[in-house]
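Could you build all of it, start to finish, from the sequences and the hints given here?
Line by line, the protein sequences are chains Z and B.
By this note's numbering, the letter at position 31 of the first sequence is numbered 32, and the numbering carries on one by one without gaps.
By this note's numbering, the letter at position 141 of the second sequence is numbered 142, and the numbering carries on one by one without gaps.
Where hints are given, some of them may not hold.
Pairs involving identical chains hold if they fit within one copy or between any two copies, as the list cannot separate such chains.
Below, simulated DSSO-like cross-link-like pairs (lysine-lysine); rule was C-alpha separation at most 27 Å, straight line [unchecked claim]:
id : residue 1 : residue 2
1  : 266       : 122
2  : 313       : 122
3  : 274       : 122
4  : 311       : 3
5  : 266       : 175
6  : 304       : 274
7  : 60        : 175
It should be emphasised that the hints constitute simulated quantities derived from the structure, not laboratory data.
Protein chains: 2
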Amino acid sequence: MKKIAAADVFFTPEHREQIEKTAAECGYTVDFYPDGHLPPERAAEYEIVYGCCLPGELKAAANLKWFCCSFAGVDIYMDESIYPHPGVLLSNSSGAYGITIAEHIIMVTLMLLRRMPEFEKVVRERGWLRTLPMRSICGSSITILGTGDIGTNFAVRARALGAKAVRGVRRTQKAGDPAYDAMYTFAELDSVLPKTEILVMALPGTPETHHILSRERIALLPEGAYVVNVGRGSAIDQEALMEALNGGHLAGAALDVMVPEPLPKDHPLWDTKNLLLTPHISGNMSLGITCDRDVALFCEDLKNFASGKKLKRFVDRSLGY
Amino acid sequence: MKKIAAADVFFTPEHREQIEKTAAECGYTVDFYPDGHLPPERAAEYEIVYGCCLPGELKAAANLKWFCCSFAGVDIYMDESIYPHPGVLLSNSSGAYGITIAEHIIMVTLMLLRRMPEFEKVVRERGWLRTLPMRSICGSSITILGTGDIGTNFAVRARALGAKAVRGVRRTQKAGDPAYDAMYTFAELDSVLPKTEILVMALPGTPETHHILSRERIALLPEGAYVVNVGRGSAIDQEALMEALNGGHLAGAALDVMVPEPLPKDHPLWDTKNLLLTPHISGNMSLGITCDRDVALFCEDLKNFASGKKLKRFVDRSLGY
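See below:
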């Protein structure tokens, strides 16, 4: 019997049952590793690995055919040398994180627009203050850089909250998605930034997205704009962002991702003005619906794999997505 | 020429122009008092007062026919003795605050569900923590107590965010509003609370709503429920709420209103577990669209008043709403 290693920390008894049932239908048995790690002495038993095991743990899986990562962002699994052989297929769990990360984006955007960090400071000191100027998602011009599952889940919600315009910017041309008021390509980004009040970034970490929000592009954003990043820290020129916040060109930013992570205690990001930092939690697996969706996506692709079809969430390591 | 006093702190030149234009059409001139106060020596000149002047300032307005309060909640203007004569009409600005307060409710609800107070504490100490259980608005059962402008603006948004059920509870029976999955009366509240994961309260301060969320009703909420109050602090038995939070029956609460306001430095609310306090800011007038809407509502009712029609936002002081 062919074998699957399911190595992740979030599986409930219901998840295990669902994975085992689908595996049996496809001719596999499943071993679970609830600490999320693939033990080196057993790694060679598995044709399929699903979960969050470390990049360095895959090398020992000499008979591995497919690694299904339970994350959406798989940039740390791009290095070809971590695999036992070049034929190992890689897939991600894009589609599991849209709801939770969209809710995170709404929360931090409202916290910035409604001056919550300042009000919270007043409350911590048991004070009372009622008069800081606020803004609203309603009526705002929003640009979403990265229009995958996360960006699109947020776009739908931003429009429901009354945003004036929700523009999507993506790598390549694509037919208009009804979630967006207009769709642009990376090449058109410079023309979209000057009319952007809130820039939301949900991009994978690839060579193409590295520092895509450069110093020059930060300057193209209007005075008083906001930046929210939930994709990868590498997408922003962090030095330039800190300057734009400390100098007042930007009204605020919320970073759930940054370089490096975890952030060292002496890093200047901690002290940057109007910056709301969160420790890469926007997509964490503690939200039940995210976990349920992650398992469902794996089971769907397991059926594809077993019947010789293309994996739906296949990642091409030569392209980085 | 008959005269209007417009006494509030938020008027822009555009607001003044709009008020003056409508006033002229109705046969009035306007004096503006940008500090929000009606000077006693001039109060008798005005037939109409619009704004946020203090209850004690109205008595001197011997010729007052109509006071249009720029707030939505007018409980502090209910006492008959503050008026120069019983014939003074009172109206409020219900309708101006729905968007801003709905955004506040979404923000604080997500902050509670996503454990932001705890993550923010970690970030303040420059730490890194990724694993607190989170919940989502998506899939949650929400009950909204008070289905006016504010409750309904939130209901529409909660459904767009994927809430499983959004129930409205109001004073009297009313035909179903499409913003809600179901509509109940105050008399049915006890049957709705046990299936409520998130209780949102947006009620005016009236004798009927005083302590409507009593100790007994807090106990009817399921273990792990959340309470958000943006109406009036008097609607909650605050002692019982603190006990339910400190004892762990409730998972969290967000209060923008409380008793008393401002909260004294030694009040036990400051130290209550899983309580997110804000200093009555959810509807403050610093949000442009709120101010614009407030002025538009006054101008609409000014036309009604001048042509002898009923005021659209008339408040019956004998009923309290």
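Inset, instruction - Sort out which numbered hints this structure fails and list those numbers smallest first. - result: Of the numbered hints, 2, 5, 6, 7 do not hold.
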